[in-house]
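Protein chains in written order, with full-length UniProt numbering: chain C, 1 to 443; chain Y, 1 to 280.
Because the hints were derived from the structure by calculation, they are not lab data. What you are looking at is a predicted structure, and each value in this text was computed from that prediction instead of being measured. Only true hints are included.
Taking lysine-lysine and the DSS-like style, the derived pairs with C-alpha atoms no more than 25 angstroms apart in a straight line are:
id, chain 1, residue 1, chain 2, residue 2
1, C, Lys404, C, Lys234
2, C, Lys334, Y, Lys133
3, C, Lys335, Y, Lys221
4, C, Lys191, C, Lys201
5, C, Lys54, Y, Lys221
6, C, Lys209, C, Lys406
7, C, Lys61, Y, Lys221
8, Y, Lys221, C, Lys334
Derived coverage of chain Y by chain C (criterion: at least 3 residues anywhere in the stretch with Cβ under 8 angstroms from a Cβ of chain C; other residues may be distant):
id, region
9, 40-48
10, 121-127
11, 217-223
12, 239-252
What follows is a set of in silico ranges between Cβ atoms, one per label pair, in the way DEER data are often shown:
id, chain 1, residue 1, chain 2, residue 2, range
13, Y, Phe214, C, Ile43, 26 to 34 angstroms
14, C, Ala69, Y, Pro93, 49 to 57 angstroms
15, C, Lys406, Y, Phe214, 17 to 25 angstroms
16, C, Tyr115, Y, Arg61, 39 to 47 angstroms
17, C, Thr374, Y, Ser45, 22 to 30 angstroms
All residues carry an ideal CB built from backbone N, CA and C; glycine is no exception.
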Amino acid sequence: MRVRTSRRVRTSTRVRALTAAAAALALLLTGCGGDERPSDGTIRLRFQSLAWQKESVDANKELVREWNAAHPDIQVQYVQGSWDSVHDQLLTSFEGGEAPDIIHDASDDLADFAYGGYLADLRGLLPERLRADIPEQSWRTTTFGEGVYGVPFLQEPRVIIANRKILEASGVRIPTPAKPWTWEEFRQVAKDLTATMGKGKHAVAWPLKEPVSVSLNLGLSGGGRLFHRGEDGKVTIRFTDADAVVPGTVRDQINTDASASRTTLGSGGSDTLPGLFGGTYAMVPLGFSYRQQIAQQAPEGFEWTVLPAPAGAGGLAQGVSPQTLSIAEDSPYKKEAARFIDFLLQPRNMVRLAQGDWMLPTGTAALRDPALHTEKDGWATGAALARHLRPAPAQSVRGYPEWKDKVATPAFQEYYSGAIDLAELRGRLVGDGNRVLARYQRN
Amino acid sequence: MSGLRTSGPARAGQYLALLAYLVFLAFPFLWLISTAFKPARELASLHPTWIPENPTLGNFRQAFDEQPLLQAAGNSLLAALGAAVVCVVLATPMAYVIARHRGRLSTAATGWVVVSQAFPFVLVIIPLFLILKNLHLINSVIGLVLVYVVWSLPFALWMLVGYVRAVPAELEEAAAVDGAGRLRTLVSVTAPLLAPGIVATALFAFITAWNEFFFALVLLKTPEKQTLPVVLTHFLGAEGVADLGPLAAAAFLATLPSLVVFAVIQKRITGGMLAGAVKS
Chain C
1 MRVRTSRRVR
11 TSTRVRALTA
21 AAAALALLLT
31 GCGGDERPSD
41 GTIRLRFQSL
51 AWQKESVDAN
61 KELVREWNAA
71 HPDIQVQYVQ
81 GSWDSVHDQL
91 LTSFEGGEAP
101 DIIHDASDDL
111 ADFAYGGYLA
121 DLRGLLPERL
131 RADIPEQSWR
141 TTTFGEGVYG
151 VPFLQEPRVI
161 IANRKILEAS
171 GVRIPTPAKP
181 WTWEEFRQVA
191 KDLTATMGKG
201 KHAVAWPLKE
211 PVSVSLNLGL
221 SGGGRLFHRG
231 EDGKVTIRFT
241 DADAVVPGTV
251 RDQINTDASA
261 SRTTLGSGGS
271 DTLPGLFGGT
281 YAMVPLGFSY
291 RQQIAQQAPE
301 GFEWTVLPAP
311 AGAGGLAQGV
321 SPQTLSIAED
331 SPYKKEAARF
341 IDFLLQPRNM
351 VRLAQGDWML
361 PTGTAALRDP
371 ALHTEKDGWA
381 TGAALARHLR
391 PAPAQSVRGY
401 PEWKDKVATP
411 AFQEYYSGAI
421 DLAELRGRLV
431 GDGNRVLARY
441 QRN
Chain Y
1 MSGLRTSGPA
11 RAGQYLALLA
21 YLVFLAFPFL
31 WLISTAFKPA
41 RELASLHPTW
51 IPENPTLGNF
61 RQAFDEQPLL
71 QAAGNSLLAA
81 LGAAVVCVVL
91 ATPMAYVIAR
101 HRGRLSTAAT
111 GWVVVSQAFP
121 FVLVIIPLFL
131 ILKNLHLINS
141 VIGLVLVYVV
151 WSLPFALWML
161 VGYVRAVPAE
171 LEEAAAVDGA
181 GRLRTLVSVT
191 APLLAPGIVA
201 TALFAFITAW
211 NEFFFALVLL
221 KTPEKQTLPV
231 VLTHFLGAEG
241 VADLGPLAAA
251 AFLATLPSLV
261 VFAVIQKRIT
271 GGMLAGAVKS
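Produce the complete structure using the sequences and hints provided.
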């Protein structure tokens, strides 16, 4: 018995010691780190920015500094986010109630967050100045249901970056926003240009790593829209002849005319630049902000120019998903956050942000700034396209991400490579696509 | 013995395969180094070269100018070392018990360890986030260390159980016969033989934590707490566009600690594993 008692005593002592150690560890851990709320009455906001290029980061940080200097009672902390992982990171932060107060993102990433109740409805928070400054078609990119869940502030059209020497030497008509190429003309120009360039060279390189956004956004110029919202609010996909104009031209350039390179079908925009600089390609359709990379990386003596994308029945229209600023629904300081957004998007500040990112501002006052109308680096061409920009098709349609990943991306890839024809593409986009959308629109 | 001999062509084939494998492994790293020293214009050259034509340190300068790399490296080092030490301290005794005291509990524990490997990051991140939030360990390197320990522990345990099983129990019994107590046996007999395993496990935990991105991204809120993999993504833009030169320079620097740690201790790992394997 004595032995047993002594063992029990030893065991209970050990258990107590372990418990104490665990408690101490927990206390220690609890005491360390974590975020503290200041008790000096100063409101502290966290602004998560996705700016990543030096000029853009500098512009954002400078604006935050200016705000902080002018508003000692509302201090903004600049937090660097990343485009690469923003969706997952925000989702987790929202779920955990730790999201930044002011959130930089893109309009095509907002639908889940808006419908999920994570973002504040900005109606009633934003001043009339800002509301009136940004055109209605831009506001539509951040309107989900009845609410507005982000301020669209930067956007970029897709333009054609061209090797000026090759283009001028060939004698083809150089298009302008006032007199763009039609899609038929573009196809013919590409054919003629390829004939003058020599073996192994192509007039066009379509970077089609993300074929859906290229096809849908440029498709608006052909008069297509693919997604049709019925009176009951439900969306269905229809693939009309107008929807086939842009994809058909691209496919013909690659497979029939050989005026577009087959090797760039899986490439991103940056991957095509060496070919553009080296004279393998004369023209590359790219986002407007790629101009920065070109200005930085182009070899000495390389002359380039920015051309508008071709026009069709829809004119120069094309879809965009602007960059946005939103406010977290959980933020206790929504009004203050809205004031900061208003400051950030004052016309002169919007211009600074646009220049930093080599993009176009959405604000009409900012768009009038002379700095954005210079011929240098193609700013004027981009600015002239701004009024033709529309919300990217389907970005607010529930189920769009699944349709894009599972149905549209492989279908467009096979279509552009020549593996399937138009009827098969139509069948997949519409048949398979509507089945996907129906699942999301049952109630 | 003749069965172990390999013919000349077969041996040549083996070396060729080995060489191809080494090239396969080394190619991305060598390309990374080459990219880190190339100026922007060479990065977009139609005919890229292995050796930069105009080597520059500009990418390194830009990387350090634009991002707090040293601070981030310090945070990464703290998190990785913390995770490695705690992981080994916890896993070693657990592994010993599982390996030496076989029973239903140890079988169940081993099974659970294997099953726990099947959980993807996204499944655990939100519950972990909430737990850490309640402990006020969000935005704290200590919180991150805890997560890394939890994440690495099952595999570390699995590794160490194998190492412990490889140490013959007869050696411990012999020590006991010679009068050594349990603690003495563990310290003087088992621990030295287990050292390579412990080092390998620590290395695994260190490298896992050093390279980890997603937990750090989600759990660390303020710039001054962020770790190196998170800071590296700041060189990436939308749609996969990257500031390639500075990214390569920073990524090259980020791989160095793992390489150095591995180079220093790899001899100990292989040396220790072979020690006493053959009777001389």
